[in-house]
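Asker: Here are the chains, one letter per residue:
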Amino acid sequence: MRVGLSLLAMALLPAATGHTVAADAAHGQELYESRCGGCHSLDANRVGPAHRGVYGRKAGSAANFSYSTAVRNSTVVWEEKTLDAWLTNPQSLIPGQRMNFRVATAEDRADIIAYLRKESGK
Amino acid sequence: MSRSIDLRRRGLLRASGVTLLSASAVALLAGEEKVALANTGSGAADIGILNVALALEHEAISAYQLGAQSGLLQKPVLEVAVLFQSHHKGHRDALVATIRKMGGTPVVAKSDAEVAKALNAASLKTQTDVLRLAQRLEKGAANAYVGVIPSFNDRTLAQISARLGEDETMHWTALTGALQEPLPAKALSFGV
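Protein chains in written order, with numbering that gives the first Met the number 0: chain A, 0 to 121; chain B, 0 to 191.
The set of hints was computed from the structure by calculation and includes no laboratory data. The structure presented is a predicted model; accordingly, all values stated were derived computationally and were not measured. Only true hints are included.
Taking lysine-lysine pairs in the DSSO-like style, the calculated list, with each CA pair at most 27 Å apart, reads:
no., chain 1, residue 1, chain 2, residue 2
1, B, Lys116, A, Lys117
2, B, Lys109, A, Lys57
3, B, Lys74, B, Lys88
4, A, Lys121, A, Lys80
5, B, Lys88, B, Lys116
6, A, Lys57, B, Lys116
7, B, Lys88, B, Lys109
8, B, Lys124, B, Lys109
9, A, Lys117, A, Lys57
In silico contact screen, one side only, chain B against chain A (beta carbon under 8 Å); selected entries:
no., residue
10, Ala44
11, Gly47
12, Ala54
Here a beta-carbon is modelled for each residue, glycine too, at the ideal position from N, C-alpha and C.
With the rest of the complex left out, here is chain B (with noise of 0.2 Å):
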């Protein structure tokens, strides 16, 4: 039994939410085999590809958070979207300790005025729109966690695409109830 299946299981009894994410994540993700792996060019393409995941985790969290300052969230939805930002906290410590621990630098976050900007923050007038906004960027992650699987070279971390990918499922699927819109009437609605 390795050493990281060990961890997961300790992190899989111990409390849940976020720590049990981050605890069973970076487990899987940033065992010592990994190590200066960025020296290899297998190892190099696949924390490139975590990286970019990262930068997607950060502009998640201000998004999240300029919609929590915005003062267009009510309760509970402005309840749901703090949550929602700690997961995509979670997914971020556990990137950030990875990519770390295979060798690489983890890329650093924007401003939140800088995302702001980038996704048209202004525009955003009531909480429909914030919510039309966290649901598109969450099918778009979701959608980037799918789509980056085949690219892996290790195939742990393609199975930790999957599992981040599905939490980002998890938000879009609340958003859209919380929009009061209709599931998918077809299957495969996600992915690439």
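Isolated chain A (complex conformation) (with noise of 0.2 Å):
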């Protein structure tokens, strides 16, 4: 039983192989939608902030959004490396953040990136 949780846990976490492929955007769009929508919206501040040019921001700009104080305070600026980092755990980027929400595989990270990044015209 022991043997057949832990090959469960590996297919369930393929970031643990450590391969990398092509981020696909597209791929992102459909996880952006399912995983992200419930709070956030590419063009309208809801539970989250607007996201639609947020690659290439500053981490706290978006307007007319009620940042937490870590967050508004951050020098962080959204590229590849601090995304990835957000998205693999927000409290460690940014501690006293407030969305807490992790995306488990480095696969569905990079989509995820991709998406926002060409949603942000870069």
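Put the complex together from the two separate chains, hints included.
Answerer: Quick look at the structure:
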């Protein structure tokens, strides 16, 4: 049973294999809508800030969104590495932030970032 | 046996529906031992997660209100929408009680008009449009509840997050049926 559970965990966590593939913005859109869409939209501030233009933008700078003090005071700029770190564990990147949503697999994070980059015109 | 579990068992023996959810969720979430956790780092972080969940529930309540008042929903879809809204109100009440019990301040809801603008409710022209919006929001909410589970310091709250997400998944499944869309072909279609 222990072996079976380990195999299941490996299957659910492909990031553990360490291989990399090209990011897929189309798949990223699907992931964004199903996983981020509970709180975010591209063009409207909802539970979280609007995301169009997020790539290349300083953290805490979307217009008319009420950020946590931690994010507002952060010097982070959103690009590949910072977005990957944010989606991996937001609290590790900016302690005191409010999102706390994590995306477990590296491939999914890369695809979501590719979509956000595309929608930001970068 | 802890007081929380005793309260939950009492809740399970009581009426079904929203009252049951609220009673058991509050009992699990808001035991006396959680009081004043806002003064600790881990407690404040958990309160922050619960407040984001509360904001999500506020939005869902407004979205169903907009749908119900749109004149686009016919019976029995309208009745189901009102039922699902009552579930979200149950979630809201449980989250508010828990955040207060932990020493935090619950976030307040945006107005229905603000939510309508953010969700582009003016574009909804048919019952199918309303159902698709609700379906999209419910899937996002289910995934949000799963996605924050690793971030909870209190594992009891993580379990409650899963329970809240299960309600949203149930809503998504019913809405998908109402839209006569196929269920996911692959396993593990929800989650992160």
